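Colleague: Here is what each chain is made of, one letter per residue.
Protein chains: 2
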Amino acid sequence: MAMEFLFSANKTFSLNYFCEKYDAAKSSVSEDLFHLNTTFKQNGLGEIISNAGATGGAYFIPKITTEKTQEFLTDLKGKLQAKERVLPGGYLYYSDLIFDPKITNMLGLIFASKYAEKKVDYCLTMETKGIPIAMATANYLNAEVVVARREAKVTEGPVVTINYVTGSTRRIQTMSITKKAIKPGKRILIIDDFMKAGGAAKGLVELVKEFSCSLAGIGVVIDSQNPENKMVNDYFSLLKLKSVNELTGEVDIIY
Amino acid sequence: MAMEFLFSANKTFSLNYFCEKYDAAKSSVSEDLFHLNTTFKQNGLGEIISNAGATGGAYFIPKITTEKTQEFLTDLKGKLQAKERVLPGGYLYYSDLIFDPKITNMLGLIFASKYAEKKVDYCLTMETKGIPIAMATANYLNAEVVVARREAKVTEGPVVTINYVTGSTRRIQTMSITKKAIKPGKRILIIDDFMKAGGAAKGLVELVKEFSCSLAGIGVVIDSQNPENKMVNDYFSLLKLKSVNELTGEVDIIY
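In order, the protein sequence lines correspond to chains A and B.
Using UniProt numbering, read the first sequence as starting at 1 and increasing by one per residue.
Using UniProt numbering, read the second sequence as starting at 1 and increasing by one per residue.
Check the hints yourself; a few may be wrong.
Stated by the list, open to error - DSS-like cross-link-like pairs, simulated, lysine-lysine; straight-line CA separation at most 25 Å:
| no. | chain 1 | residue 1 | chain 2 | residue 2 |
| --- | --- | --- | --- | --- |
| 1 | A | LYS153 | B | LYS79 |
| 2 | A | LYS153 | B | LYS83 |
| 3 | A | LYS240 | A | LYS196 |
| 4 | B | LYS183 | B | LYS153 |
| 5 | A | LYS68 | A | LYS79 |
| 6 | B | LYS180 | A | LYS83 |
| 7 | A | LYS102 | B | LYS118 |
| 8 | B | LYS79 | A | LYS186 |
| 9 | A | LYS63 | A | LYS118 |
| 10 | A | LYS153 | B | LYS240 |
| 11 | B | LYS21 | A | LYS63 |
| 12 | B | LYS242 | B | LYS202 |
| 13 | B | LYS63 | A | LYS102 |
| 14 | B | LYS119 | A | LYS102 |
| 15 | B | LYS102 | A | LYS11 |
| 16 | B | LYS153 | B | LYS209 |
| 17 | A | LYS240 | A | LYS102 |
| 18 | A | LYS183 | B | LYS77 |
| 19 | A | LYS11 | B | LYS68 |
| 20 | B | LYS21 | A | LYS102 |
| 21 | A | LYS41 | A | LYS11 |
| 22 | A | LYS21 | B | LYS119 |
Said to hold, decoys possible - Reference listing, derived: stretches of chain A covered by chain B, where coverage requires no fewer than 3 residues with Cβ under 8 Å from a Cβ of chain B:
| no. | region |
| --- | --- |
| 23 | 88-97 |
| 24 | 127-133 |
| 25 | 144-155 |
Note that these hints are calculated values from the structure, not bench results.
The model shown is predicted, which means the values in this text are computed figures rather than measured ones.
Yeah, the Cβ is synthetic: ideal placement off N, Cα and C, and Gly gets one too.
Work out the full structure: start from the sequences and follow the hints.
Modeller: Structure below.
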């Protein structure tokens, strides 16, 4: 029952459904729901909202607590600031963190909590490092993932392709989404691991329009302080990368 | 408690840990473990194995039931055989399924059940479509994911790169893994969405050796019947693609 709620956000389950499934009386299902709600809240996962009325029913909303978010992000910040992560060119290596399911699940829960009320249909991301985070977020939001690819693939069928300009290096790049992947009129949440100038995010926003869908939001794990003006206005980032000192290995991240 | 077990396979939790965490007596924790085990088994997720002895403790092993696996794969096979999935060139479109967390979680549970006793440290996959399945599998196995990339990226630092020959088109391709991503002496499970001749899988196996690690297994969602002889011997596939008829849109998949 816990699993069904947890990964079916916003989906209303009728009391009858559980009564039949577990061959139980309404009163005991109601009691179980009450305990489950307490457990979800205590563990900072979210809450179960019960509808009164003739049929009855309940649905789950992911809602991580502020303390849990803070604790997690402080820990993640610490891990990101390890000197050995600094690469030539002042880049920061963090793929190991992004591809660790324990960390990704938490990132997904944080984004899902932020956008829980937006009734997101698709989490859209750009290959490659955005994928695990988009999957985890979609899992909690009961949504599907769509991946924009750098090259159109023969195995994906007809695609919608756009050109976009990377905000930092001003190069022209291409991204494609399979036409079959998105139905029109849906709500799309853009999720990515990193934002520098926001060129890729802007490209994704344009693709959302091309598919006649609406934008539910843009969530990124880390954005960089420079450049200050991004190519998209309204986005939500968890951590801000202030500076990377290639010589000393010092990494300054603000939470 | 359910969540902690579910996503920490093979990790032993002491009874004391739960007693302290939930401020409960050993007897009631034991009773909860008993109920949890029953629930996991009933839902075909796995089981909790309790260690007797002075300290006591329990760990979870993912173990989906044969019936659940059959039911899921029969359903997946039906979805894959939809005519509209056939693309020019006889390719089969299935990204929407691979990127649906509900489906991916089940695929992950099936692979995790198969390799639960192998004490897997890393699930290794090739970008892009293998990623969601590797993440879901790693989630149930309490492992991390490593992604081999087609091009080395400046944000990934020093890489180990190998060339491999695609078995079907005999082209030479490149794949790279960041050096930092894998520690020597670990156990690696290779996970991918599709295998034709097995060239990419063979490349991944060679990378496992380059990192002085051992191979726990190779799991793919779909392999094709042709060519019959693959470039790797020992692999586990869930579905076999027999034929795709581009003219009629007929897809023949064997389970």
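Colleague: When the structure is checked against the list of hints, which entries are broken? Sort them ascending.
Modeller: 22
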